[in-house]
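End of the sequence shown = 182 in this note's numbering, gap-free, step of one.
In short, the hints are calculated from the structure, not lab data.
Glycine included, each C-beta is placed from N, C-alpha and C at the ideal position.
Some hints here could point you the wrong way.
Cut-off 25 Å, straight-line C-alpha distance, at most; resulting in silico cross-link-like pairs (DMTMM-like, lysine to aspartate or glutamate) [stated by the list, open to error]:
| no. | residue 1 | residue 2 |
| --- | --- | --- |
| 1 | K38 | D118 |
| 2 | K1 | D108 |
| 3 | K38 | D16 |
| 4 | K38 | D106 |
| 5 | K112 | D94 |
| 6 | K149 | D125 |
| 7 | K27 | E93 |
| 8 | K8 | D152 |
| 9 | K112 | D4 |
| 10 | K38 | D125 |
| 11 | K1 | D118 |
| 12 | K8 | E93 |
| 13 | K27 | D118 |
| 14 | K38 | E86 |
| 15 | K1 | E40 |
| 16 | K112 | D2 |
| 17 | K98 | D108 |
| 18 | K98 | D152 |
| 19 | K8 | E41 |
| 20 | K149 | D106 |
| 21 | K38 | E115 |
| 22 | K1 | E140 |
| 23 | K112 | D125 |
| 24 | K98 | D4 |
| 25 | K1 | E86 |
| 26 | K8 | D157 |
| 27 | K27 | D108 |
| 28 | K8 | D125 |
| 29 | K27 | E40 |
| 30 | K1 | E41 |
| 31 | K38 | E73 |
| 32 | K8 | E40 |
| 33 | K112 | D20 |
| 34 | K8 | E140 |
| 35 | K1 | E73 |
| 36 | K1 | E115 |
| 37 | K98 | D125 |
Distance windows between CB atoms, simulated [to be verified]:
| no. | residue 1 | residue 2 | range |
| --- | --- | --- | --- |
| 38 | D2 | A142 | 35 to 43 Å |
| 39 | V130 | T55 | 38 to 46 Å |
| 40 | E73 | K149 | 35 to 43 Å |
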Amino acid sequence: KDVDVRGKVVMIMNDDPSSDPELFAGKTRLFYGRWTYKYEEARRRGAVGAIIIHTTPSAAYPFQVVQWNHGQERCWLPFVDEKPFELAMWMTEDASRKLAALGGRDLDALRKSAESRDFRPVALDVQVSVATSNVVRALESANVVGVMKGHDPLLQDEAVVVTAHFDHHGIGTPKNGVAHPL
1 KDVDVRGKVV
11 MIMNDDPSSD
21 PELFAGKTRL
31 FYGRWTYKYE
41 EARRRGAVGA
51 IIIHTTPSAA
61 YPFQVVQWNH
71 GQERCWLPFV
81 DEKPFELAMW
91 MTEDASRKLA
101 ALGGRDLDAL
111 RKSAESRDFR
121 PVALDVQVSV
131 ATSNVVRALE
141 SANVVGVMKG
151 HDPLLQDEAV
161 VVTAHFDHHG
171 IGTPKNGVAH
181 PL
């Protein structure tokens, strides 16, 4: 919506609006609803920080996963011609509700209005002060690549890439006989 967020901290809903199937893809989770994309977009627009509002339905996991996952060392690819955020965090729904109230706003009303195409971001006019203690260090890492050549001459120049990540949280309770990642 071309709101100037340069030098500001933005508070962002997680996931995409899902009430309108014509907007994004309804309840289908898209890349644009992911928290990583939202951080990137806020940074691209000049924000110095972003607060993601966590709800279990919007994230598809409880807040404890955020606490566990973000309470340890994180690795990121180098920022090219950009400096990292001063603040990149998740906030519980209750804490987000309190922050909105400090700005005289109702979080539920803001989220409801954000489901409309006519939504315009609003300033909360709240100052955020957060103190952290971080150490930034450069790491070298390697990727593993395996290639299996196909035998079909029509497809020999095509490739299928399979990727995975190693930040797995274990295996949850089996559902219908199938164990699911936490």
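Now for the hints, and whether the structure bears them out:
1. K38 <-> D118: Distance of about 19 Å is within 25 Å: holds.
2. K1 <-> D108: Within the cut-off at roughly 20 Å; holds.
3. K38 <-> D16: 10 Å, holds
4. K38 <-> D106: Within the cut-off at roughly 22 Å; holds.
5. K112 <-> D94: 16 Å, holds
6. K149 <-> D125: 58 Å, violated
7. K27 <-> E93: The given pair, whose Cα atoms are some 20 Å apart, holds under the 25 Å limit.
8. K8 <-> D152: 54 Å, violated
9. K112 <-> D4: 22 Å, holds
10. K38 <-> D125: 21 Å, holds
11. K1 <-> D118: 9 Å, holds
12. K8 <-> E93: 21 Å, holds
13. K27 <-> D118: It holds: about 19 Å lies between the C-alpha atoms, which stays within 25 Å.
14. K38 <-> E86: Within the cut-off at roughly 15 Å; holds.
15. K1 <-> E40: 16 Å, holds
16. K112 <-> D2: 20 Å, holds
17. K98 <-> D108: Status holds; Cα separation ~11 Å.
18. K98 <-> D152: Given pair K98, D152 is violated - Cα atoms ~60 Å apart, limit 25 Å.
19. K8 <-> E41: Holds, at roughly 13 Å.
20. K149 <-> D106: This hinted pair is violated, its Cα atoms lying about 58 Å apart.
21. K38 <-> E115: The hint holds at about 16 Å.
22. K1 <-> E140: 39 Å, violated
23. K112 <-> D125: 20 Å, holds
24. K98 <-> D4: 24 Å, holds
25. K1 <-> E86: Cα-Cα ~23 Å, so holds.
26. K8 <-> D157: Status violated; Cα separation ~47 Å.
27. K27 <-> D108: 19 Å, holds
28. K8 <-> D125: Measuring from Cα to Cα gives roughly 10 Å; hence the hint holds.
29. K27 <-> E40: Answer holds: K27 to E40 is near 22 Å, not above 25 Å.
30. K1 <-> E41: 12 Å, holds
31. K38 <-> E73: Holds - the C-alpha atoms of E73 and K38 are around 21 Å apart, at most 25 Å.
32. K8 <-> E40: 14 Å, holds
33. K112 <-> D20: 12 Å, holds
34. K8 <-> E140: 32 Å, violated
35. K1 <-> E73: Answer violated: K1 to E73 is near 34 Å, above 25 Å.
36. K1 <-> E115: 14 Å, holds
37. K98 <-> D125: Distance of about 13 Å is within 25 Å: holds.
38. D2 <-> A142: 35 to 43 Å: Given range 35 to 43 Å: holds, Cβ gap about 42 Å.
39. V130 <-> T55: 38 to 46 Å: 21 Å, violated
40. E73 <-> K149: 35 to 43 Å: 38 Å, holds
In this structure, the earlier hints numbered 6, 8, 18, 20, 22, 26, 34, 35 and 39 are contradicted, and the remaining ones agree with it.
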